[in-house]
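Colleague: Okay, here's what each chain looks like letter by letter:
2 protein chains.
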Amino acid sequence: MNAPHLAPLERPSEATLKSLVAELQSRFGSRTVTSAAVREQHGHTLTWLANQPPDVVVYPETTEEVSEIVRLCAATRVPVIPFGIGSSLEGHVNAPFGGVSIDTSRMKRILHVHEEDLDCTVEAGVTRKELNEFLRDRGLFFPIDPGADASLGGMAATRASGTNAVRYGTMRDNVVSLRAVLPNGDIVQTARRARKSSAGYDLTRLLVGSEGTLGILTEVTLRLHGLPEAVSAGICPFPSVKAACDAVIMTIQSGLPIARIELLDEVMVGACNTHSKLDLPEKPLLLVEFHGTETGVAEQAERFGAFAEEFGGGPFEWATKAEERTRLWTARHNAYWAANGLRPGAKPLATDVCVPISRLAECVDETKRDIAASRLIAPIVGHVGDGNFHVQPLIDMDDSAEVEAGIAFVDRLVERALAMEGTCTGEHGVGQKKMKFLESEFGPVALDLMRTLKRAIDPHNIMNPGKIFSV
Amino acid sequence: MNAPHLAPLERPSEATLKSLVAELQSRFGSRTVTSAAVREQHGHTLTWLANQPPDVVVYPETTEEVSEIVRLCAATRVPVIPFGIGSSLEGHVNAPFGGVSIDTSRMKRILHVHEEDLDCTVEAGVTRKELNEFLRDRGLFFPIDPGADASLGGMAATRASGTNAVRYGTMRDNVVSLRAVLPNGDIVQTARRARKSSAGYDLTRLLVGSEGTLGILTEVTLRLHGLPEAVSAGICPFPSVKAACDAVIMTIQSGLPIARIELLDEVMVGACNTHSKLDLPEKPLLLVEFHGTETGVAEQAERFGAFAEEFGGGPFEWATKAEERTRLWTARHNAYWAANGLRPGAKPLATDVCVPISRLAECVDETKRDIAASRLIAPIVGHVGDGNFHVQPLIDMDDSAEVEAGIAFVDRLVERALAMEGTCTGEHGVGQKKMKFLESEFGPVALDLMRTLKRAIDPHNIMNPGKIFSV
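Quick note, the sequences are listed as chains A and B, same order. Using the working numbering, count along the first sequence one by one with no gaps and you end on 837. Using the working numbering, count along the second sequence one by one with no gaps and you end on 837.
Since the hints were derived computationally from the structure, they do not count as laboratory data. Please note that the accuracy of each hint is not assured.
Quick list of in silico lysine to aspartate or glutamate cross-link-like pairs, DMTMM-like style, CA-CA up to 20 Å [to be verified]: (1) B:K608 <-> A:D762; (2) A:K608 <-> B:E648; (3) A:K713 <-> A:E665; (4) A:K649 <-> A:D612; (5) B:K687 <-> B:D645; (6) B:K734 <-> B:E648.
With the sequences and hints as input, model every part of the structure.
Modeller: The structure is reproduced here in structure tokens:
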């Protein structure tokens, strides 16, 4: 394409902002907020990056209101940054060029549930737990579970996945259709509700994972699944991380339809024990879950047990009661916070990569050795059934040499994953922190093609500027 | 976007073509063909539309050769039409503005099979049967099965699906990565080989289903699946098409992981009996197949049997032996040809739509009544687990009133599906014949967004012009 770079970025002038804020206030009243505390809260969130607050935060309640806000911003070329619940890890909601943060937390309606079609349509601000609570009585659930109780709009925007993805796929696979506001304020519906279609370009998948750089997602139509008849879960310790990964590889290759298969290294297990008051064996662990019929689940568990044994895993401990399972998975979900507790005062450089499953053991193993050589405290946890794992180096941000070493470690981690045909992020997204890796991952032609799409849809570069593309 | 329409279309001048053909001949020798027979064979193929042959057909052997051809065409703004095996049904390979047909039938290399990662990379001209033959000894298979032994490049380009999609997804779900030649001749690789990624825009899904209008797919990396341990299949007659559809709806809603569930109406059953020398009961039939472990398959079959019974289906006949199954599925795959045999000399206006599963029975039922009222011979067959079905009106093309009536029937079929939140095509693609429905299906904003993408990537509109977008 030889695409020129994106439209140049600069902060809007004070005068532009002043009149925009006045317009927003006259239109949205107290739903337009400019206090420093709220603006900062809409900045970096969970990243270690410097907080770059937006100039103003607005809380729309409908797609049409989002459209109004975007039109005002488009007219004055003011950046627009979508905000869900702020659980992203890579600086997605920072506002490096200021602008308007569109907070979707008031867009909470569950618009339709088509039980008979196993789908539903919700506003972008509904969180995954809110949806699942709503669905429980209907025997349905939405499986994508990134850990945090993220908004479904945010999850679509970052192509989130999480613990259940190995069985149910990621947001890529579970979004049927999107309603979105484009950079000029137009409202688009990307697809019909049919389960499949060959009509035209896949606008849904174009927006899933676009991180707010092509438009703001306002309504999400999702694929639902029946609650499994039977669920069984348990933990299985292994002599080494490599042995655990080898058992995962064999499980996946065998086609066993495992619902969850999560790795915690011994450091992360220790952290979870402390944080969640558990007494898990402090060895590399696999947390597994099986969904199906009673006989199906039993069969799966038996097969998995045999694979685990082959690599020295065991003894297997079942969490047969629902509350035991909940306790286990709650501990897993709190792993991020548990890890942070290992070094109070430090900040996590939490990151993720994903490699083809055959390279998983090698990649995790090399990473463990790098952690040891770098003298980092960096627990590992991962959705290993997808070849995806997280590393969370805990860094003293006041020690610039340590910060540099932490960043260099993440760089090596990504380079290692890319060298194994993997990706710089399996599920966190690019945001600000992974931008520098995209050229190595995709090469110049693919990256230029992405830029071409961005320029065509957002010619003035007002949608979440400074994310995905550095220039 | 308020996108202006696409670049104006016109046939290249004779002089331009003459010098282009000379260049192609000097570069590709006898792999440059201009004979009328070969050009016509690369025209409409299976559609009833008038044959619009390209000016020249070239047979490249590598991605780099495709790139060379596209660069020559780009320099002179000559249309480029990709050609797989020509089994598309909606006029995808017609050349309404002339130009160069790029026939991928010499691109037959299976480049990599990563058994341990359940993926493979093949050149675009490899067909699904060729791939599956290659994979058989490795215990793996590629499940997407549109009936025809289509090329995998063509299948990706039209977002094909078919009988197994209800269990294994469509090409959207089973393409890991693509190598493609862009309209300027640049070669792009859309993704890494990791099972999931949140890095950047989903270029893979942008190209899947783009029907050659954004680039020419030259290599396809596909997700593979382990051959199921146990397979069982059978047929189940129903008192009416509606009863069969209701059984399908209940099966899908229950979450039963059925591998195939195909509807043949009684007209199609009759056609298949004649064509394939079978003695299936001439009633609406479901052909089903279960994949899994021995116990899993037995459990699934039992559950399906109960659902079928609830709607008056049965008796169920098992095809326990592999050769019986093959005979049954071969008959299903030959349904297109069988249907044509119902009215020798007539041409099929074969088409497909897809609706949310809850509307399937209603949509098929209304369509049956429309067929009767229109006095058409139009057998129905469908991948009903996805809400997707095909209708094949057999029309005497010399009778203009009948042609008009056939076209009007297809229009009503599509309008019916759209009114039920369905799509104008579940798996055949847009090509030339479904272009007129896209505005009703997507609305002006989404369609303009698609056009914006097309213009950005192919500013001179040389890639398969006159497909997907009429202007």
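Colleague: Could you run down the list of hints and mark each one as holding or not?
Modeller: Evaluated hints:
As the CA atoms of B:K608 and A:D762 are separated by approximately 67 Å, the hinted pair breaks the 20 Å bound. Annotation: proposed proximity of A:K608 to B:E648 is violated, straight-line Cα distance about 58 Å (limit 20 Å). A threshold of 20 Å between alpha carbons decides the hint, and for A:K713 with A:E665 the separation of about 43 Å lies outside it, so the pair is violated. Using a Cα cut-off of 20 Å, the hinted pair A:K649 and A:D612 holds, with the two alpha carbons roughly 15 Å apart.
Restraint check for B:K687 and B:D645: the C-alpha separation of about 17 Å stays at or below 20 Å, so the hint holds. With a CA separation close to 16 Å, the supplied pair B:K734 and B:E648 stays within the 20 Å bound.
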